[in-house]
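Trainee: Taking the hints as your guide, dock the two standalone chains into a single complex.
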Amino acid sequence: MTYRSLAVSPFVFVACTAALAALVPAGVRETVVQGEVDVSKVLACAGMAAAALAFDRGDYLRRGWGVWAACYACLLGRDAMLLGSGRVSAVVYEVTRGALVTVGNACVVVGAWTLARAWTVAGLEHPGTKGARRAVVALAIAVAVVFAGPTLVVDVRDVALGSRAGFDAIPSDLGDILSLPLIAPVALTALAVREGTLRWTWMLLTSSLVAWLLYDAIYTLPDYLSVAPTGYRLVSEQFHILAGALAGTAGLAQRMAVTDDDGP
Amino acid sequence: MGPPDAETVAERIARRLGRYLGPHTGRVAVKTFATRALGRGPETLTVQDVPAMNEALRPMLRTLVGKQRCEIVLQHILGEFGL
Numbered sequence: 001m002t003y004r005s006l007a008v009s010p011f012v013f014v015a016c017t018a019a020l021a022a023l024v025p026a027g028v029r030e031t032v033v034q035g036e037v038d039v040s041k042v043l044a045c046a047g048m049a050a051a052a053l054a055f056d057r058g059d060y061l062r063r064g065w066g067v068w069a070a071c072y073a074c075l076l077g078r079d080a081m082l083l084g085s086g087r088v089s090a091v092v093y094e095v096t097r098g099a100l101v102t103v104g105n106a107c108v109v110v111g112a113w114t115l116a117r118a119w120t121v122a123g124l125e126h127p128g129t130k131g132a133r134r135a136v137v138a139l140a141i142a143v144a145v146v147f148a149g150p151t152l153v154v155d156v157r158d159v160a161l162g163s164r165a166g167f168d169a170i171p172s173d174l175g176d177i178l179s180l181p182l183i184a185p186v187a188l189t190a191l192a193v194r195e196g197t198l199r200w201t202w203m204l205l206t207s208s209l210v211a212w213l214l215y216d217a218i219y220t221l222p223d224y225l226s227v228a229p230t231g232y233r234l235v236s237e238q239f240h241i242l243a244g245a246l247a248g249t250a251g252l253a254q255r256m257a258v259t260d261d262d263g264p
Numbered sequence: 265m266g267p268p269d270a271e272t273v274a275e276r277i278a279r280r281l282g283r284y285l286g287p288h289t290g291r292v293a294v295k296t297f298a299t300r301a302l303g304r305g306p307e308t309l310t311v312q313d314v315p316a317m318n319e320a321l322r323p324m325l326r327t328l329v330g331k332q333r334c335e336i337v338l339q340h341i342l343g344e345f346g347l
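Chains A and B are the protein sequences, given in the same order.
Going by my numbering, the first residue of the first sequence is number 1, and it counts up by one from there.
Going by my numbering, the first residue of the second sequence is number 265, and it counts up by one from there.
Chain B with its partners taken away, still in its complex shape (with noise of 0.2 Å):
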């Protein structure tokens, strides 16, 4: 993975998913919540898709990490895109 600079939307948000998931499965739950929510693939993602990926990813996080983990986790999502 490069510098942050050089990422691309979906590979920033599976690098904060990657923390619990691993960078594989972070970059699997990307694809397959931007599939499911947005009908599009994660190569496709912009700053501003990041509030409804966020809304997608937040019953998976909230399953695995729990409510306040899980919320921290996106704020940090949101806080990667100075959103």
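Just chain A, same shape as in the assembly (with noise of 0.2 Å):
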């Protein structure tokens, strides 16, 4: 496989679920999204997996790539959880959900803030300006913060008040704020090797971490208009899936760089 299929195989996947999930009837509509979300997750953590596993023990990168995807793995759990709902106490239920959406996030903090500090720990450094790179960093933040912060309002909020829902939404809320910023470094790496084969791990991994952004701005979107969610739910939950399935891919990438022969 070339990188250039590679990096295009997350689009041509989302097309076919966004058009499943326009296909199907609308009442088992929201259960064929929870499926194809979960399909991502899995490719998400076997790539990130394969791209640890290409490294030796101590590598810095297999350190970051594998506690990514012991984050997609914890997710994964969490969902499989839905399926034992009413099997178990819903003391035990609720615990266990809330114990891996917190392990799966502290996962992703840490796998994001690893990942995005490779190219400090090489020893080199961001293209651009101090100024210019500072003020990617601050808009990064910012964007973070004007779409993942208002859920994470709505969600204390709503556990202040009694709500046990809000338990393993904060931690997935705090998650997304700590390590949607580090889109900004990890980007910028991208750019950085934009001319290498390195490119094609760095630029899928941003663009999974914006998909993921993109999630979160059309979630809290009718937040912001009040209006009906469902609609933009669906619509969200597509970026979802590619979040993942770029992931995955950049993984996967990473994984061909590291182990391709590329001759004498």
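It should be emphasised that the hints constitute simulated quantities derived from the structure, not laboratory data.
From a predicted model like this one, the values you see are computed outputs, not experimental measurements.
Beta carbons are placed, not taken as given, at the ideal position from N, Cα and C, and that holds for glycine.
Certain hints may be false.
Which bits of chain A does chain B cover? Going by a derived footprint, with three or more residues having C-beta under 8 Å, they are [said to hold, decoys possible]: (1) 58–64; (2) 196–209.
Quick partial rundown of chain A residues pointing at chain B, CB under 7 Å, derived from the structure [unchecked claim]: (3) Leu20; (4) Leu23; (5) Leu53; (6) Ala122; (7) Gly162; (8) Phe239.
Mentor: Laid out in structure tokens, this is it:
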């Protein structure tokens, strides 16, 4: 498989999932979309684990990819618990779900942080002036807070009012707020290697984080516009699926760059 | 970039790194590590400096492409100069 076809595959995948979601009867649409989201999480987990295993023990990026893969494994575990709903006590169900979401989101922050720092750890400077780089980071922080912040406020308020649903939503909101600003250093790394084979890894990883940001943005839109969320949520889930598929292909591109023979 | 025989030592190392980092960033990396490790600009590099440059580049390469690929790239750089 070439890097180019690998990079196109998430978009083909999402075109298929969007078409399927549009064509199925409305009564089963949410279940189908949830299944699509879980397939994209499997792809992300497998791709990122493949990247981690391409590195040797002790290699810096092995930890980053491995921890990020663990995040997707935890989120898959959380979704799998939906199948066990009603078969275990409500307390066990909610505590386990909360723990999986908390660990998963801690993993995404650590994984994204580790990968975002790779360029600096390598002893290189990102392109652009210091001022421009700071501006990019500030912009990424502002966008993350604007789109993920309101959801956190709503979830904290719900928990304060006695809702238990917010217990696993708050770690998820915090994970978004802390990991999405890392788009900036990841994108700057993609820019630095834009003419080399590593560009595919970093461009796909940047695209995954941007898709995740758009997922949050569209998810938050009904709160800003005070409109019914149903239609928006179905669209936002396609970006959720795209984020997972792009993360998986980023991992596969990393594996290809590390393991492919490049001749003498 | 001209034919290999017309290239300077720095350009030949940068070309090897450029496969992964891109030509521009490959040149920036050679300049960065030549200055940091040898205290000189890349235009002053000679074949005798190549082993020291490899040592300077090793942590960077190991971080970005892992230990195994790093050692392969460094071997290719040595091979480029018949070392």
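Trainee: So, for every hint listed, does it hold in this structure?
Mentor: Here is what the structure says about each hint:
For the region 58–64 of chain A, the stated coverage by chain B holds: 5 residues have a C-beta nearer than 8 Å to a C-beta of that chain, and at least 3 were required. Given a C-beta distance limit of less than 8 Å, the hint that chain B covers the region 196–209 of chain A holds, as 4 residues qualify and 3 suffice. Against a cut-off of 7 Å between C-beta atoms, the interface hint on leucine 20 (chain A) is violated, since the closest Cβ of chain B lies about 38 Å away. Here the hint on leucine 23 (chain A) is broken, as its CB sits about 42 Å from the closest CB of chain B, past 7 Å.
Interface hint at leucine 53 (chain A): violated, since its Cβ lies 11 Å from the closest Cβ of chain B, which is beyond the 7 Å cut-off. The interface hint given for alanine 122 (chain A) holds, since its Cβ lies 4 Å from the closest Cβ of chain B, which is under the 7 Å cut-off. A cut of 7 Å between beta carbons decides the hint on glycine 162 (chain A): the least distance to chain B is about 48 Å, and the hint is violated. The restraint placing phenylalanine 239 (chain A) at the interface with chain B is violated, with a minimum CB-CB distance near 29 Å, outside the 7 Å limit.
The structure fails hints 3, 4, 5, 7, 8 (numbered hints given earlier, in ascending order).
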